[in-house]
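> What follows is the residue order along each chain.
Protein chains: 2
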Amino acid sequence: MPLLTLHRAVVQPGWVDYNNHLNDGYYTVIFSDATTALMAHIGLGPAERAATQHTLFTLEMHTNYLLEVKGGVEVRVDTQLLAYDVKRLHIFHTMHRGDEAEIVATNEQMLMSIDMRGPKGAPWLPPVLGRIDDIWRAQRDLPRHKNAGRSIGLPPKKV
Amino acid sequence: MPLLTLHRAVVQPGWVDYNNHLNDGYYTVIFSDATTALMAHIGLGPAERAATQHTLFTLEMHTNYLLEVKGGVEVRVDTQLLAYDVKRLHIFHTMHRGDEAEIVATNEQMLMSIDMRGPKGAPWLPPVLGRIDDIWRAQRDLPRHKNAGRSIGLPPKKV
Numbered sequence: 001m002p003l004l005t006l007h008r009a010v011v012q013p014g015w016v017d018y019n020n021h022l023n024d025g026y027y028t029v030i031f032s033d034a035t036t037a038l039m040a041h042i043g044l045g046p047a048e049r050a051a052t053q054h055t056l057f058t059l060e061m062h063t064n065y066l067l068e069v070k071g072g073v074e075v076r077v078d079t080q081l082l083a084y085d086v087k088r089l090h091i092f093h094t095m096h097r098g099d100e101a102e103i104v105a106t107n108e109q110m111l112m113s114i115d116m117r118g119p120k121g122a123p124w125l126p127p128v129l130g131r132i133d134d135i136w137r138a139q140r141d142l143p144r145h146k147n148a149g150r151s152i153g154l155p156p157k158k159v
Numbered sequence: 001m002p003l004l005t006l007h008r009a010v011v012q013p014g015w016v017d018y019n020n021h022l023n024d025g026y027y028t029v030i031f032s033d034a035t036t037a038l039m040a041h042i043g044l045g046p047a048e049r050a051a052t053q054h055t056l057f058t059l060e061m062h063t064n065y066l067l068e069v070k071g072g073v074e075v076r077v078d079t080q081l082l083a084y085d086v087k088r089l090h091i092f093h094t095m096h097r098g099d100e101a102e103i104v105a106t107n108e109q110m111l112m113s114i115d116m117r118g119p120k121g122a123p124w125l126p127p128v129l130g131r132i133d134d135i136w137r138a139q140r141d142l143p144r145h146k147n148a149g150r151s152i153g154l155p156p157k158k159v
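Chains R and S, in that order, give the protein sequences.
In terms of our numbering, the first sequence has 60 at position 60, counting the first letter as 1, and numbering is strictly consecutive.
In terms of our numbering, the second sequence has 20 at position 20, counting the first letter as 1, and numbering is strictly consecutive.
Looking at chain R on its own, in the form it has when it is part of the complex (with noise of 0.2 Å):
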């Protein structure tokens, strides 16, 4: 099975620098609507959220930028699910330039189950856990990127 392509967007006026490159915190803002479509996509879409009262909050995640994008490009996000448990869900998303296969930035994440009406971290509900038990047995052979798990830092100093 491929990474899942769930979400697209066209980099916006409101999101450029004044040289015309994609804002870092935009870039975020982008991988932030790729989670938002992957919701939908594992059974907590608007609809879901409403009945249910179950969603999902980001606990935590990190971005590196690799490449710079211009205003008005399309880009493309890839999401590969790295691990779960029962209320917690690690993913990590890849941007691309239209269809290219080249990274501009990665995007890990660790999410988590929320009940809305505590708010508290509950598990997830069964239909949820069933579809994000069929993205993991589809994708858990898939390789890492090398920036899953990274911490920030300078680097060493050259001796």
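Calculated from the structure, these hints are not laboratory results.
Warning: the hint list may mix true and false statements.
Where chains are identical, the list cannot tell them apart; a pair therefore holds if satisfied intra-copy or between any two copies.
Stated by the list, open to error - In silico DSBU-like cross-links for lysine-lysine, where the CA-CA straight-line distance does not exceed 35 Å: (1) 87 x 120; (2) 146 x 157; (3) 120 x 70; (4) 87 x 70; (5) 157 x 70; (6) 87 x 146; (7) 157 x 120.
Following the hints, put chain S in place on chain R, whose structure we already have.
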């Protein structure tokens, strides 16, 4: 010396989700604007960028979402310099509501000095490096938040 407070913003209607909570992507837009304010503070504002053809790019950022923020609320970003070298800057932002001490999100960034005539990585210009060093001498003994240097992963399973 306290942390630097260089940026405040009111959460805009376009930044919130269906629940009137600040969307995860827009926390990052606010943190990005805080880095823009830091650029001006160290001598890389618009006029200096035009005059010197030097700027900085964001290489990487890591955000932790701790508390919700409602639309219309004013937030403040405090900034700490964690480390730097001849062409990199490692910073840590915390977001707060108004003048509260409580942290609603943390954001760690690695930034790189850029000569736009490449564009290519380049040493900090001497006046910029002087201002970075001033911050470093004032902040080097401040405690570090536990999210600095963090990587994303599921917690170990309880046995």
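> How would you label the pair residue 146, residue 157 (within, between, both, or neither) given a Cα cut-off of 35 Å?
The answer is both: 21 Å in one copy and 24 Å across copies each meet 35 Å.
> Go through the copies and call it for residue 120 and residue 70: within, between, both or neither, with a Cα cutoff of 35 Å.
between (40 Å within a copy, 17 Å between copies)
> Under a CA distance limit of 35 Å, which applies to residue 87 and residue 70: within one copy, between copies, both, or neither?
So residue 87 and residue 70 pass the 35 Å test across copies only (25 Å; inside, 37 Å).
> Check residue 87 against residue 146 for me: Cα-Cα at most 35 Å, and say if that holds within a copy, between copies, both or neither.
both (25 Å within a copy, 23 Å between copies)
> With identical chains, the pair residue 157 and residue 120 could be close in the same copy or across copies; at 35 Å between alpha carbons, which is it: within, between, both, or neither?
So residue 157 and residue 120 pass the 35 Å test across copies only (20 Å; inside, 44 Å).
> When Cα atoms must be at most 35 Å apart, do residue 157 and residue 70 count as within-copy, between-copy, both, or neither?
within (34 Å within a copy, 43 Å between copies)
> Between residue 87 and residue 120, at a C-alpha cutoff of 35 Å, which is it: within one copy, between copies, both, or neither?
within (11 Å within a copy, 43 Å between copies)
Violated hints for the displayed structure: none, as all numbered hints are satisfied.
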